[in-house]
Amino acid sequence: MDRAIQLRRRMSRTNEKPLAIAVMGFQAACMLLLAFKDPSVDWFSVRMAVLLPLGTLTGLWLTSKCCADRCMFLLTAFLCSLSVILLRAVFSTTGKAAQQAQYLGLSIPVMFFGVLLPRFFTGREEKFIGFAMLFGVCFMLSPFAFHTSSAARSWIRVLGHQMQPSELMKPATVFILASCFTQGRRASDWGGGVFFGALNCLILFAQKDLGAMLLYFLLTAAMFAAGTGRWKLALGAVGAAAGLAVIFVVFIAGKIDGFGYLITRIEIWKNPWSGAHESSRQIVQGLMSIVSGGLFGAGLGLSSARKVAVVASDYIFAAVSEEFGIVFALCVLAVYMVLLIRGMGAAGSARSRFHALVAFGACFELTVQMLLIVCGNLHIVPLTGVTLPFVSEGGSSLMGSMLLMGMMMGVSAVNARDEYDDLMQASGGREVDPE
Amino acid sequence: MKETRAAIRLITGILLALVLLTGFVYVARIQANRVRWLNRAQNTRIQDARKTTLQGTIFDSAFTVLAESPEPGVRRYIQDKNIRLALSHTLGDQKGMSETGVENRHATTLLGMTDLTGTDRTLQTLRGDAVAGCDIVLTLNAEMCAYMASQFPSGSRGACAVINYRTGAILGKVSLPGYDPAAMDQGAQDTAYYDRVLQYRYAPGSTYKIVTLTAALKNLPGVESEMFDCQGVWSFADRVLQCAGGTAHGSLDLKSAFSQSCNITFASLAYRMGAEAMKAASEDFGVNVQFAFDDIVLYESHCLNSSLAAGEVIQAGFGQGKTELTPLHMAMIAGAIANEGVMMEPKLIREVRRHAGGTVSSMQPAQWRTVTDADTARTVARYMYAAVHDRLSTGKNADISGYTAGYVCGKTGSAEVSSDKTKATNAWYVGFLYGDEEHPYAIAVVVEGGGSGGQTAAPIASRVLKKAIQMDLY
Ligand SMILES: [Zn+2]
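In the order they appear, the protein sequences are chains A and B. So for the first sequence, the working numbering puts the first residue at 1; every next one is plus one. So for the second sequence, the working numbering puts the first residue at 1001; every next one is plus one.
By construction, these hints were calculated from the structure, which means they are not laboratory data. Don't take every hint at face value.
[As the list claims (entries may be wrong)] Heads up, simulated SDA-like pairs for lysine to any residue below, C-alpha to C-alpha not over 25 Å straight-line: (1) B:K1322 x A:N271; (2) B:K1051 x A:R306; (3) B:K1051 x A:C375; (4) B:K1002 x A:R306; (5) A:K96 x B:K1051; (6) B:K1051 x A:R281; (7) A:K270 x B:H1389; (8) A:K270 x B:K1466; (9) A:K37 x B:K1051; (10) A:K270 x B:T1022; (11) B:K1051 x A:F91; (12) B:K1002 x A:N271; (13) A:K307 x B:R1382; (14) B:K1466 x B:H1389; (15) A:K232 x B:L1018; (16) B:K1095 x A:R306; (17) A:K37 x B:W1234; (18) B:K1002 x A:K37; (19) B:K1095 x A:L302; (20) B:K1051 x A:T93; (21) A:K270 x B:I1400; (22) B:K1002 x A:L302; (23) B:K1396 x B:Q1290.
[Said to hold, decoys possible] Calculated Cβ distances over 12 Å to all of chain B for the following chain A residues: (24) K17; (25) V246; (26) V249; (27) L287; (28) I326; (29) L340; (30) A350; (31) T367; (32) G395.
Glycine is no exception: its CB is placed at the ideal position from the N, C-alpha and C atoms.
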């Protein structure tokens, strides 16, 4: 049996050692630099210099146990630790970084829970769909009952912590949609999934969380297209939605109570430099922050990125750019790209449509979210209030993203097992070395 | 399963392309906008850096020190108060009150944030020097600017700019009233922080006939041999156009109409060409175009950008209505006529130098756009010569006594600022010296409420250009 596990591990085709050393070295080096930056030693950073590599090592061992893609895990670990490093570097106090480190500790079990899910649901996803949909919709609706303030209608308060159901619901939505769109091409097969997606979008619209609404919409459309193969329908829906959005913004938003802000935001977005509006400050400061870093950055902890409003969540990419510089920021984009390739690779080599869709949905969601926030920071599209996966501050977003990543890794583990079985069959039960 | 795989591959491809594109746009945006975005009053990194960095020195073209920092956090300006006031907007200040001044527009250069390489900085550190920014040598002459300011009637408001139309270098510019960058806590007059040369859009009045003339020569073949009839008034729809106080010019050809500044002739020319042609000709000259120059911030000029109604076109013909241009842009228009129809990019920075010595970058003259062909430009220049020298011309006072090396060409303007006829008009003169390669100067002068351009603005231009010739600026 030991031999089998070894073989399956090889199936995930990664020589992870150099990458693991690089990631852990990065974590330790950055945290040590931050610890001794000031005359007085920052013990939080010293602790982190040990804990982050240790966490990475533990996670790597667990990934290995599950026979999941270790490359995916290591890159995710890199992004997560980047979050702690940035929060420590940008702010003068340890508060935000410490909070994020706690969330990170909690999110690792969540991630490995995600790794187990694709296996667990194999063949029995249909039993759970109805219940999952009902629960999902109720959860998405919960902010209406428990919302914390009238300004933020997409948050709830649980055990003293602010939570955003739309973030946590992303993995569940991927599962539900994956099982809905595996049934077949007829409308009765996929109607439920489309209905569920549309309902989510409506709820988010009512909560005025338009960024999340856009994400959910694109996710539903993409998974629908991939699962049912009905391209034209999906493209038509995207086109119709874009048309509706334009009509809404141009003709209707100004007249509806509570959506007038949308017009102002677009006006500000069109000309932030006039400085006519207070909230154009954020855009302007964000752009200045992005161009301040130069090629190699202002230096860890030496930037002025904290001058950007909500830099910790909305504008974390600006902080990456200013602290580490253009070259590093491009590397971060490259990391997302490798994750995209690995995730979609897992989706493409999955044996069942359900698994393929799970990995595809998760990967699509994370990538689109990354694109939206980076382009928002660069002032290419209006900032939609989503987060940079793994790097932005915030527990709900981190848990949601880690669960999605876990699911992608879970599918890669299922693939490794399938390939192992194939090999065993081909060799007539004899143990072989795939190399 | 097969189609799912195909779909996954396709969407993966799209996403990959988008990520790559984002990375490309990220680098391209930083490349294109870095200096512009950093040099803003809102960028508090600049104030922070000024406390620790030795700011570079600013020299004029004669290497007079205009502003220097003996130590970080301290800024000293030139002793002569007249020069300080004349240069206030050009230099800018440490508080960022004038957003277009060199101290603000080029703050990151002076602080070494953008123009120094990593090697430069490392060398500074190794030598144990204080972190120092770059020095800037301007294209303009401080004494010239002070002289320009002194030629305006005392207490008046207005602007004047002299450029070298061959290179685009700004040789002198002044905006009145000025403010004293060395005494920022004393405050200033209400609009004194605005650089009228770059940031004020004035109705150009009859000086805009240069553009109408260029358009007419292009769009109305044979217009040069036509005769026009001016009765002094022209009723059009609900309004009545008057020619210079109602005096009738009678029958006259195009050249006389230009040199005597007949509004009715030019209104009818604009009307005949139509809104689209008039707008296109204006845009050839850079009107309605967002300027994005490296050295200066120049506000966009407008003509026929909102309404194309007949009333607007007619008024555009002689530079009224919603037509509005900055003085520097008018100087560039005159310069383009003198430069065979090629408008040069305006330059203010002659050289950027390392504090310890050595050039980082120096001025590279650049063509900005071709406004018309060389033949038409020569014809317009001939007309502008007539507008200064003809018997009945409006620009006689612009002539420079004893100047023989070239030809003084120009056009006056008296631009109405409101429909109230009792309010004094803004006095304009724009022009250039033609055929004098040692002194290729173009000039624009505007005196707010100065009345007649020929009486108020033209003499200033004459004296300013004479001084420039004496000083042999280039
Ligand atoms: Zn007339």
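Structure-based check of all given hints:
no.: 1; hint: B:K1322 x A:N271; in the structure: holds (23 Å)
no.: 2; hint: B:K1051 x A:R306; in the structure: holds (19 Å)
no.: 3; hint: B:K1051 x A:C375; in the structure: violated (34 Å)
no.: 4; hint: B:K1002 x A:R306; in the structure: violated (49 Å)
no.: 5; hint: A:K96 x B:K1051; in the structure: violated (29 Å)
no.: 6; hint: B:K1051 x A:R281; in the structure: holds (24 Å)
no.: 7; hint: A:K270 x B:H1389; in the structure: violated (49 Å)
no.: 8; hint: A:K270 x B:K1466; in the structure: violated (46 Å)
no.: 9; hint: A:K37 x B:K1051; in the structure: holds (21 Å)
no.: 10; hint: A:K270 x B:T1022; in the structure: holds (19 Å)
no.: 11; hint: B:K1051 x A:F91; in the structure: holds (21 Å)
no.: 12; hint: B:K1002 x A:N271; in the structure: violated (47 Å)
no.: 13; hint: A:K307 x B:R1382; in the structure: violated (57 Å)
no.: 14; hint: B:K1466 x B:H1389; in the structure: holds (17 Å)
no.: 15; hint: A:K232 x B:L1018; in the structure: holds (21 Å)
no.: 16; hint: B:K1095 x A:R306; in the structure: holds (22 Å)
no.: 17; hint: A:K37 x B:W1234; in the structure: violated (78 Å)
no.: 18; hint: B:K1002 x A:K37; in the structure: violated (55 Å)
no.: 19; hint: B:K1095 x A:L302; in the structure: holds (24 Å)
no.: 20; hint: B:K1051 x A:T93; in the structure: holds (24 Å)
no.: 21; hint: A:K270 x B:I1400; in the structure: violated (49 Å)
no.: 22; hint: B:K1002 x A:L302; in the structure: violated (52 Å)
no.: 23; hint: B:K1396 x B:Q1290; in the structure: violated (35 Å)
no.: 24; hint: K17; in the structure: holds (27 Å)
no.: 25; hint: V246; in the structure: holds (21 Å)
no.: 26; hint: V249; in the structure: holds (23 Å)
no.: 27; hint: L287; in the structure: violated (5 Å)
no.: 28; hint: I326; in the structure: violated (6 Å)
no.: 29; hint: L340; in the structure: violated (6 Å)
no.: 30; hint: A350; in the structure: violated (9 Å)
no.: 31; hint: T367; in the structure: violated (5 Å)
no.: 32; hint: G395; in the structure: holds (26 Å)
Checked against the numbered hints given earlier, the structure breaks hints 3, 4, 5, 7, 8, 12, 13, 17, 18, 21, 22, 23, 27, 28, 29, 30 and 31 and satisfies all the rest.
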